[in-house]
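Chemist: All chains should be modelled from the sequences, with the hints used to inform the complete structure.
Protein chains: 4
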Amino acid sequence: MAGSSFGTIFRITTWGESHGKGVGVVIDGCPAGLSLCEEDIQKYLDRRKPGQSRFTTARAESDKVSILSGVFNGMTTGTPISLAVYNQDQRSRDYSRISDTYRPGHADFGFDVKYGFRDYRGGGRSSGRETIARVAGGAVAIRLLEALGITVQAYTRSIGPVEISRFDPSVLNKNPLYMPDAEAAEKASAYLAKCMEGQDSSGGVIECVVHHMPAGAGDPVFEKLDANLAKALMSIGAVKGVEIGDGFAAARSRGSENNDSFIIGDDGKITKLTNHAGGILGGISDGTDILIRAAVKPTPSISRSQQTVDRFGSEKEISIHGRHDPVIVPRAVVVAETMTAIVLADALLCGMSAKMENVIKIWKH
Amino acid sequence: MAGSSFGTIFRITTWGESHGKGVGVVIDGCPAGLSLCEEDIQKYLDRRKPGQSRFTTARAESDKVSILSGVFNGMTTGTPISLAVYNQDQRSRDYSRISDTYRPGHADFGFDVKYGFRDYRGGGRSSGRETIARVAGGAVAIRLLEALGITVQAYTRSIGPVEISRFDPSVLNKNPLYMPDAEAAEKASAYLAKCMEGQDSSGGVIECVVHHMPAGAGDPVFEKLDANLAKALMSIGAVKGVEIGDGFAAARSRGSENNDSFIIGDDGKITKLTNHAGGILGGISDGTDILIRAAVKPTPSISRSQQTVDRFGSEKEISIHGRHDPVIVPRAVVVAETMTAIVLADALLCGMSAKMENVIKIWKH
Amino acid sequence: MAGSSFGTIFRITTWGESHGKGVGVVIDGCPAGLSLCEEDIQKYLDRRKPGQSRFTTARAESDKVSILSGVFNGMTTGTPISLAVYNQDQRSRDYSRISDTYRPGHADFGFDVKYGFRDYRGGGRSSGRETIARVAGGAVAIRLLEALGITVQAYTRSIGPVEISRFDPSVLNKNPLYMPDAEAAEKASAYLAKCMEGQDSSGGVIECVVHHMPAGAGDPVFEKLDANLAKALMSIGAVKGVEIGDGFAAARSRGSENNDSFIIGDDGKITKLTNHAGGILGGISDGTDILIRAAVKPTPSISRSQQTVDRFGSEKEISIHGRHDPVIVPRAVVVAETMTAIVLADALLCGMSAKMENVIKIWKH
Amino acid sequence: MAGSSFGTIFRITTWGESHGKGVGVVIDGCPAGLSLCEEDIQKYLDRRKPGQSRFTTARAESDKVSILSGVFNGMTTGTPISLAVYNQDQRSRDYSRISDTYRPGHADFGFDVKYGFRDYRGGGRSSGRETIARVAGGAVAIRLLEALGITVQAYTRSIGPVEISRFDPSVLNKNPLYMPDAEAAEKASAYLAKCMEGQDSSGGVIECVVHHMPAGAGDPVFEKLDANLAKALMSIGAVKGVEIGDGFAAARSRGSENNDSFIIGDDGKITKLTNHAGGILGGISDGTDILIRAAVKPTPSISRSQQTVDRFGSEKEISIHGRHDPVIVPRAVVVAETMTAIVLADALLCGMSAKMENVIKIWKH
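Residue numbers (the numbering used here), protein chains in the order written: chain W, 1 to 365; chain X, 1001 to 1365; chain U, 2001 to 2365; chain R, 3001 to 3365.
Watch out, some of these pointers could steer you wrong.
[Stated by the list, open to error] Label-pair restraints from in silico Cβ distances:
1. W:His211 - U:Asn2173: 18 to 24 Å
2. R:Glu3257 - U:Glu2257: 31 to 37 Å
3. W:His212 - R:Pro3176: 20 to 26 Å
4. R:Asn3275 - U:Ser2314: 20 to 26 Å
5. X:Ser1319 - W:Ala182: 44 to 50 Å
6. U:Gly2313 - X:Lys1043: 39 to 45 Å
7. U:Gly2313 - X:Asp1289: 44 to 50 Å
8. U:Thr2274 - R:Asn3275: 36 to 42 Å
9. W:Lys43 - R:Glu3146: 43 to 49 Å
10. X:Lys1364 - R:Asn3173: 24 to 30 Å
11. X:Lys1364 - U:Thr2274: 49 to 55 Å
The hints are simulated quantities; they were obtained by calculation from the structure and are not laboratory data.
Note that beta-carbon positions come from the ideal geometry of N, C-alpha and C, so glycine has one too.
Modeler: Below you can see the structure in the form of structure tokens.
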């Protein structure tokens, strides 16, 4: 099935494997007239690049993006934008152990059942490198949102048992864990160090907030804005849960607590007194901040010995050595941020034809 | 935007408003040769019908389904199956209060911004009656899954603070809350009675388990099986969070705890020792039980007085009287079950062309 | 496969068989705020209704449309518009002869191979009655175009060897063949009478012209406006060829003849001196009249004896009696017109997000 | 709008402009286990390469394809196949004349209206180089068809007034016009020489025949096999008409002539006595040869002086010098062939789930 595209009007199609020639994305449906250069995209790729701290793999990749089409004189032309990042560090090593053996927590077994065989080098299509294409595509979506004054900001909410207890944007980019709480970041670092000592890994939670989203985006039934955000985040490898607003806490609360009163804001516009809903009601943005969270499981590749089987049906022990982050969360922060941006950009473009008043505004002269 | 369809090959398109002529669904892409009659669908609709306990609205609807096309001599023909449920109890009443006033926790405000106006009668397109079409469509998906030996079972995991502590299938359908734990059901009933006394409502959690799902369904990138399940569940009105397997608990765990060892099962086939993953790895089913959960917010319509604004920008008080369930969960159980079935049926049909071996099996003679 | 939908944003999904309970369409993605009532749709259905002349079947169907959803207070709400036409004249007759025998020129054999069996009553899903749903859906598209000042007009260009030699709109609706040339209509009538005498049928050509289409609609690669028009027309049963502008004649001409010079029109706007291109260049409308043609094969159901085989592999003779038009063209005129309207409406809605200037116009405040 | 993708399951997404860094295609949904190397694709690209005869432009491009992903150990893996062809001959020249002036017969004006501006270098996205991506994608579709024993063969049927009168496959690839009739090829060459002398160009007709297509592919309503073929061919730049089987001639014929009798063939299988239908009945393949034709307009770029206007609304004269083929047909033959292959491959994959019998065959064990 054609499962490598995401979005309806603003649509990305990604390609590439960990140890092939590279990874890339074609962004189709981006409006013409958006100022765009490679640096606009590179700065997002740099945030997910490996080798930036002791908590990320040492794989040596510069991850430099090239714009191959769709931009002319510094502006998008409305035609497909093709972006490629060529792989550099495709270490030639011995894959014989993992080529036949199913790593616990990985898609290896499912791939073999589905496709009959797989590109086992470095995880192939299921490698974390697949997210480069999402980030590159999402960076373009962020440019579109910026043109409308909308901002998207993701960060690490928790790592293992360590959760942030404040939001201090000034420290967010100053720690390798992207936590907006310096004290929590320190505790989380200590916790991760212990995990690494134990040849183990940790999960965590990413949070993402969207400011200045206009009301009226998203659809009331299947294409609810939160439904598409849930799909977008759950489609990131290792994500096992998604929440909007109060999320699972809402399930324990009462209507009188959970409902947000509408009020007239200081600017005379309709807004809400509280935001338990996370900025979306009935699938449609309500003009307040959108707040979402994604639960990320611990890195499945750990060097401890684990029990498993091989493709010939024999039980085996496996220890996964090599380059692996002890926690996926920090590098996935920018992936969540850019996937969120793609959903929002698409919902805004899809929503342009919601009423005849707008159709007439664009087409009737 | 055309947002009323769901699925790629097995695709449902729904229509209808709470107080229009009815609600319905067109199921396109259902294979020919599946035995199907109205009773197969009706039994699922009966599970979500109002008026079955003191915890559901008294709206008098028989919700009888008609098959209008796509079935001949008791078998699906491969052409679109059109199902309709005509509304009966469209009480003529005075909507002037809610027509101009935005109910907290509802989509009213978003609708007005998006479309310019709305069918305010009973929630219009955002009414719970919209889910009738999902259930009818999903009942057909369940027939398809049954033909492959796959079963889907959803139930209430918690209501407010009351959570099940056992899974006893024998009591599941014997309490109006669809809890598989008689003691918890009793406690939850008492809790709901208190909510109702306080003119308030409660949230809860739905859990859904899939047995006998074959390995190899779902896609590795955007069309991950869990990503589509997340979208499906989050698209149900009032759902604010979705989890697969351990979900948010995985974020607090370690790799050595969260990884499921592959083993050779008693039947000589590959299976797993544990199932923290919830039956899906890297977006592809692994042949073990699929386990998902959805967090449902409290019913937003409560008769307590609430602060809000009207469409003319004046602040107002509103008390929502009329027919409303104090908790959405029990009637949403069958909606979650049927939406899950649609995702699985679609993934299975989409996956048929994953390898040339299968293409040749079907087309080369 | 889910093949009963057409269009991307303005999308119709049709259902129904000739001898089932009815036929219908769900129109999703129609903007809110379009004035719409059943009569707006009925007048198009009336143009394709059987029994209106000696050249159409005598099947007694009133073909009355019901709007089941998506319209409130006489206006579209932006939610799916469900339209149904219930079958009335489902004559109970003996289908044993055609149930097992493949009618030449029909889809019977293909259906049996594809689906394993078929609803053979009256052609089932492949009946001409399927087009009712297209016409109903297209009537809504026409309302949308009207709101933008765009008109679509189809008519019969030729029947068998008889071609129009003038375009006189005043006679177009005054002859049952929908020919804009009274003399040709008379000759064509005589020709058809001869065909009927010989237990035979005739083909013909439909032409469709669109006035006041704005420039800039359609896409430059796969979603070319003419590519979608070609698909729309070729998807009408019995259509075997499609042309835009000069069509096949362009293949015999030279560049200096075929190119249309751009000029400044009397209103000071850019237009063209000639219109060999038929209003579309490089897949994008150029603001001049769109001109398309569809070749329709002769009605395959003829009462003459024909050679064929049955599903058990025996050779047979078949004579198809019953209700059949000697020519499909006149009743297909309105089908071509409405399918054209759907393509144009969809292209206009899809094109709204082509440039940032428009995105900002709709979303930035 | 996201208009650069084509196909539902076997889906190609193309990118690239004439004078950008290159052109390319991502093929998603290709089954795993298909043997594929660059040479399989290159041989199709070589057939459309410029500079191969005096009737094609002299632009110096080697058009070498690179497989960037989706192939491992010489086999497709089921993941997206990314193919790129980098541009080499991007002559730096003065575009000031065409940057502001609308070339007759080209999309320039439409582009400016739609997107606000355009990449005017060499036609940008509307250049003939866009078809490289189609051919590369279609070459993969042809590999898939070959695995099922299906062959697709396109050729030139006519150039200007010169039409073939025999089909001799042995000469087809021996003349630069790809005509299967040596005498006609000679006459056509002489005709083209005259066109060139007159600073003019010619149109022509491409024909494509498919052998060994199994019956039962294609859908009965909107996704008719011929409807998708019509879209595929009409989406090739310069195509203005499409026919299936007898096409427009069927419109002039009678039912008794046009109907094809079903018979039992020599191999004991159901086939047809004649093939006026062109291998497709009611949208579904009937197991006989598929026969389609496309009318191609004359190359719009001619060096004769033509009347036009510029983007500032002034009338102008324009003479288009530089590298242009006097006829598009010969190089478009392989484009028609590969686009046809994509439609067929997609229809076959989409059709796998048409009946439960097949679903059970693949999924139930």
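Chemist: What are the numbers of the hints that this structure violates, sorted from low to high?
Modeler: Checked against the structure, the hints that fail are numbers 1 and 3, while the rest are satisfied.
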